[in-house]
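Participant: If you're matching them up, the sequences are chains A and B in order. Under the numbering used here, residue 1133 is the last one in the first sequence; the count climbs by one each step, no gaps. Under the numbering used here, residue 1133 is the last one in the second sequence; the count climbs by one each step, no gaps.
Hints listed in this document are in silico derivations from the structure and should not be mistaken for laboratory results. Any given hint might turn out to be false.
No copy is singled out in the list; a pair is fine if it fits within one copy or between any two copies.
Unchecked claim - Computed cross-link-like contacts, EDC-like style, restricted to lysine to aspartate or glutamate with a CA-CA straight-line distance of at most 20 Å:
# : residue 1 : residue 2
1 : Lys1086   : Glu1059
2 : Lys1104   : Asp1115
3 : Lys1119   : Glu1109
4 : Lys1077   : Asp1056
There are 2 protein chains.
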Amino acid sequence: MSRKEPDFATGFLVHDVSRLRKKVVDHELKPLGITRSQWWVLVNIARYAEDGIAQTELARLMSVGKVSLGGLIDRMEASGWLERLPDPEDRRAKKVVMTKAGEKLLGEMQGIASGINKRIMKGITKEQNKLLDGILKTMKHNLLQMGAAEE
Amino acid sequence: MSRKEPDFATGFLVHDVSRLRKKVVDHELKPLGITRSQWWVLVNIARYAEDGIAQTELARLMSVGKVSLGGLIDRMEASGWLERLPDPEDRRAKKVVMTKAGEKLLGEMQGIASGINKRIMKGITKEQNKLLDGILKTMKHNLLQMGAAEE
DNA sequence: AAATAATAGTATGCATGATAACTAAGTTCA
DNA sequence: TGAACTTAGTTATCATGCATACTATTATTT
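Sequences and hints are given; from them, build the entire structure.
Facilitator: Structure representation (structure tokens):
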């Protein structure tokens, strides 16, 4: 029984992997003019919001603060991937929609992202990956239970 | 074979867990006046640098940029957990050492951190945790190979 | 209807982590 | 030795994500 690894090592391992992955992915996506976080916004809009979605609702779906998402949308609107449209039903709200450029970009990114991912997951079997996803989902669930969901 | 989960979902799962964990841990550590990242600096100094370490060397050990670490040390020095001492061997370099207050804090944090971790890992067996760590280490290794180590 | 609550989004300020460009100091090599 | 290179650390600027506080609406309650 080694004492070298304290029982919170997993957390910092997750932190390291997340940080290094952000660095690598952002570097690879740089020629496209988009970042990993912005890409994730596109993916979620494509998945959940065919014809527009309110910022707060999207933030809730992504488990992200509405302020953080607001900043992301600012930059993505400036880049031309997204647009804010007024919601005719609610004058407080804005409908976020992907532009044609955003859709085109998202399509182009599928292959690139898949290639990056293959390299990051090198040496890890499909079964291991499935297991990994399951454990991470449990951790995410625990964290949301612990109050990470509060706004 | 479901098409719902694209093959890069693992990456964003890691991102979510990392982000949510940061939020939860920082919130729990707030009464102590320290953050998760600053805590990790203390742990690494305690592990590798009994009597001081140069910033660049510590950054290398932690796989973090020297600028990022410099900022962390700024804030931790202001909080009184660390000190920068001139290196008598090299006038460019500074030896980072933990203060008495830093050592005391690190000791107090062991129990707290362990408790937080238990809650985050609820429902995950020791074997699963070991497997998780192994896979994450493989991913980290791949990422460092992919150029995430460059300065 | 008027007062109160809740909700959508923004503004502000901070911590973290990155890159790029810079200064100062040490090292190598012709 | 002196020029060229390398290294340690800082400054400046940016993206992400958080909390807090605010404005403008909408919904609810009395």
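Participant: The structure should be examined with respect to each hint, and the outcome stated for every one.
Facilitator: Right, here's what the structure says about each hint:
1. Lys1086 <-> Glu1059: Intra 15 Å, inter 48 Å, cutoff 20 Å: intra-copy only.
2. Lys1104 <-> Asp1115: both (16 Å within a copy, 16 Å between copies)
3. Lys1119 <-> Glu1109: both (15 Å within a copy, 17 Å between copies)
4. Lys1077 <-> Asp1056: within (13 Å within a copy, 42 Å between copies)
The structure agrees with every numbered hint stated previously.
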